[in-house]
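Asker: Read off the chains here:
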Amino acid sequence: METLIAAAQLVLEPYTLMVILACALFGLFIGAVPGLSATMATAMLVPITFYMDPVPAVGAIVTMSAMAIFASDIPAALVRIPGTAASAAYVDDLHQLTLKGKPGIALGLCVVTSAIGGVFGTAVLMIAAPQLAEVSLNFTSFEYFWLALLGLSAAVMLGSGTLVKSVMALCLGLLVASVGLDTSSGYPRFTYGQQDFLSGVPFIPALIGFFAVPEVIRAIVHRDNTVSARSISKVSELFEGMGKILWKFRFNVARGSVVGTLVGILPGAGSDIASWISYAISKRFSKHPERYGKGYEEGLVDSGAANNSALSGAYVPAMVFGIPGDSITAIVIGVLYVKGLNPGPMVFINNAVEVNAIFLVFMLANLLMVPLGILAILMAAPVLRVSKTALAPLILCFAIVGSFSIELSTTAITVMMVVGVFAYLMEENGIPVAPAVLGLVMGTLVERNLITSLIKADNNPLAFFERPIAGGLGVVTLALWFTPLLVALYRRYRRPRVAA
Amino acid sequence: MRIHDSLIGLFFVVLGAYVLFEASRFPGMPGQAIGPGSFPMLFGALFVIGGLIIARQGIAEGFGKLVVLNEGWLVPSRAIAVVVSVFGTILLAAFFSQIGFLIGGVLLLVTLFMLLGHRSLLWVAVAVGFVFGIYFLMSRLLLVPLPAGPLF
Numbered sequence: 001m002e003t004l005i006a007a008a009q010l011v012l013e014p015y016t017l018m019v020i021l022a023c024a025l026f027g028l029f030i031g032a033v034p035g036l037s038a039t040m041a042t043a044m045l046v047p048i049t050f051y052m053d054p055v056p057a058v059g060a061i062v063t064m065s066a067m068a069i070f071a072s073d074i075p076a077a078l079v080r081i082p083g084t085a086a087s088a089a090y091v092d093d094l095h096q097l098t099l100k101g102k103p104g105i106a107l108g109l110c111v112v113t114s115a116i117g118g119v120f121g122t123a124v125l126m127i128a129a130p131q132l133a134e135v136s137l138n139f140t141s142f143e144y145f146w147l148a149l150l151g152l153s154a155a156v157m158l159g160s161g162t163l164v165k166s167v168m169a170l171c172l173g174l175l176v177a178s179v180g181l182d183t184s185s186g187y188p189r190f191t192y193g194q195q196d197f198l199s200g201v202p203f204i205p206a207l208i209g210f211f212a213v214p215e216v217i218r219a220i221v222h223r224d225n226t227v228s229a230r231s232i233s234k235v236s237e238l239f240e241g242m243g244k245i246l247w248k249f250r251f252n253v254a255r256g257s258v259v260g261t262l263v264g265i266l267p268g269a270g271s272d273i274a275s276w277i278s279y280a281i282s283k284r285f286s287k288h289p290e291r292y293g294k295g296y297e298e299g300l301v302d303s304g305a306a307n308n309s310a311l312s313g314a315y316v317p318a319m320v321f322g323i324p325g326d327s328i329t330a331i332v333i334g335v336l337y338v339k340g341l342n343p344g345p346m347v348f349i350n351n352a353v354e355v356n357a358i359f360l361v362f363m364l365a366n367l368l369m370v371p372l373g374i375l376a377i378l379m380a381a382p383v384l385r386v387s388k389t390a391l392a393p394l395i396l397c398f399a400i401v402g403s404f405s406i407e408l409s410t411t412a413i414t415v416m417m418v419v420g421v422f423a424y425l426m427e428e429n430g431i432p433v434a435p436a437v438l439g440l441v442m443g444t445l446v447e448r449n450l451i452t453s454l455i456k457a458d459n460n461p462l463a464f465f466e467r468p469i470a471g472g473l474g475v476v477t478l479a480l481w482f483t484p485l486l487v488a489l490y491r492r493y494r495r496p497r498v499a500a
Numbered sequence: 001m002r003i004h005d006s007l008i009g010l011f012f013v014v015l016g017a018y019v020l021f022e023a024s025r026f027p028g029m030p031g032q033a034i035g036p037g038s039f040p041m042l043f044g045a046l047f048v049i050g051g052l053i054i055a056r057q058g059i060a061e062g063f064g065k066l067v068v069l070n071e072g073w074l075v076p077s078r079a080i081a082v083v084v085s086v087f088g089t090i091l092l093a094a095f096f097s098q099i100g101f102l103i104g105g106v107l108l109l110v111t112l113f114m115l116l117g118h119r120s121l122l123w124v125a126v127a128v129g130f131v132f133g134i135y136f137l138m139s140r141l142l143l144v145p146l147p148a149g150p151l152f
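Residue numbers (UniProt numbering), protein chains in the order written: chain G, 1 to 500; chain H, 1 to 152.
By construction, these hints were calculated from the structure, which means they are not laboratory data.
Some hints could be false.
[Unchecked claim] If you want the ones that stay clear, here's a sample from chain G, every Cβ over 12 Å from chain H, calculated:
hint, residue
1, A6
2, Q9
3, E13
4, I81
5, I105
6, G243
7, K244
8, F348
9, M379
10, G472
11, T483
12, L486
13, R492
[What the hints assert, rightly or not] Between beta-carbon pairs, the in silico distance windows are:
hint, chain 1, residue 1, chain 2, residue 2, range
14, H, F87, G, S387, 22 to 28 Å
15, H, E61, G, L408, 45 to 51 Å
16, H, F136, G, P289, 54 to 60 Å
17, H, I59, G, L478, 27 to 33 Å
18, G, E13, H, F11, 48 to 54 Å
19, G, A457, H, W73, 49 to 55 Å
20, H, G117, G, L181, 43 to 49 Å
21, G, E290, H, F87, 50 to 56 Å
Each residue gets a CB set at the ideal place from its N, CA and C atoms; glycine is no exception.
Let the sequences and hints guide you as you build the complete structure.
Answerer: Given below as C-alpha cells:
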C-alpha cells in the first residue's frame, strides 16, 4: 500500500500531469491524421523523454500511444481512412454508421469501449506482471533463450508479410544488432574500424529511421488527398442510445478486452492484430454475421475494446522479461534501460514505486481518454484537413534533431536516414518492418543467452530441454515452427485421397 | 517502388554469403567450439536460404519490369523532394557543425515546402518559426547542444 501511495504521489506531481496532458493531445492529433502511426510518434517522442525523469518519460509514451490508437477511429468513421492500422478491421462498419447518419454514436462507442478495454488491460498488467516476475526469478539463460526465440518466432508468424520475407526482415534486424563489440568475447564485428559503431548501431536513431522516414517518403510520394469530413457539434450525439447498445453487447466488450489483452501479451502482436483477431472471432460467433461491414455495432464493440487492451497487454512481457509485445514496447524497452529501470523480474523489487507509477499512468490515460476523446471528436474536422505534404518536412526536421540529441553525433543522423530508406524499400516490397525491429531489440538477448547456455551445456543441445519450463517453452517454439509445415504436408496428403 | 523478387532474392543471397564469409574470419573463443562468428553464421545461412526461395518465387512469376515505380515517383517535383529529403539530410549531417541547425534546417524545410507546392511566404515563416522553436526547445530547455552555426 505504501508503494502505491508513493507511486500516486509521483504521478500526481504537476510536471508529470502536464506531460501526460500534453502527450495526450499530441497522441490524439497523431491518431486523427491518417497515415501517421502511433509507433512513429513514439519514436519521435523518445529524444524528448530522454531528458525527463522515468515516470513522466514512460508516462508520455503510454498516454500518447493509448490516445493515438483511439483517435485513429475518428478518420475511419468520418472519411473511411483509418488513422492507424489498429482501426482497419472495423473501418467499414464505422463509416457505414456515419453514412447512416450516426457518426456520433459510432465514435461514442469507440471512445467508451477503448477506455473499458484499456482499463481491463491495465488491470491484467497490474495483477499478472508481478506474479509472472516472481516465477521468472528462477529463470536461467535456457528459459530466457527460449522465451526470446518464442517472441521472435511469434513476430515472424503473426507478421503481415509472407513467412520467408518476415524471416529475412528478422535476420536484417539480427545483423544490425550484431554490429559492435561481441558481448561474450569483446571482438568487434562489422564495425570496419569505425569508433562510433563499437557500441553498436545507435538504437533510437535506427528506430526513428524505421518508423519516421518511410512515412515522410510516403507522404511526399503519394498524392495528398484533402478530405472534407462531416463534423459533430454536440456531445449528446455521441451518447444517444449508447447505454442500450453497450448492454446488448456487454459480453462482446468483455470478450474483446480479454482477446486483446492475450494477443497483446504475445510477443510481436500488437493492437492491429488484436483488432483483426477480435473482429474475426466476433463475426464467427455472431447471430448476424451478414451485417458485419455494413454499419453493425457488434464487431466494432469487440475490436474497439481489443485494440486498446492489447496496448496494455504488450507491456506484460516487456516489463517482466524485457521482450517486447509490439513495436511500441520495443521502443519503450530502450527508454526503460536508459532510465535505469532495466526490464526483468528485479525491476518489480528494485523499482517498485516507479513500476506502480507507470501502471497508474496507464489507468489515468485510459480514464482521460473519455473527456479528451470527446474533445478530439468535436474538433476532428479541421485536423482531418491538415496536409500531409506540409507535415512531412516538419517530421523530417524533428527526426534529424531527435537522432542527433540522443548520441550527440552526426553519425546518428546518417544512420537514421540510411535505415529509413531501407525500411521504406522493405515496406514497399512486402517485407514487414516489425520483425526487423524486434530482431534489433532482442538480437543481443538471444545471442547472449544462446552462447551462455551452450557454454554451460558443453554444446549439448539436449540441455536446452532438461529444465521443465525451458523444455516447455522449447517444445512450444518448435511446434510454432513446424506446425505450418505439418499442416501443409497433411493437406497435400489428403488432397489426392479426397479427389480419388 | 516495387522491386522484382528475383532481385530481392539475389540481394539476400549476396548479403548472406558476405555475412558467412566475414563471420568465418572471426576468431573463436579459447577452448570453445563457438565464438563471435557462431550467431552471424546462423542468420547468414538463413539469408542465403531465404534469398534463394524468394528468387525462385520471383523467377516463377516471370520477368516483367525489374523495378516498378508507382504514380507519385513519376511526378518530378515529388521525386526530387524525396531525393532532397534523403541527400539533404545526409549533407546536413556531414556539415552539421559548419552550417548549423538554424540555417541548415530552414534551408531544408523551405526547399521541401517549395517542391511540395507550399510556395507562399507563410510557409517560409512556418519553416523559420518551426526551426527556431525546435532549436530553443532543445538547446535552452533540454540542454541539447545543437550547433547554431554562423548565426550565433
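Asker: Give me the numbers of the hints this structure contradicts, sorted from smallest to largest.
Answerer: none
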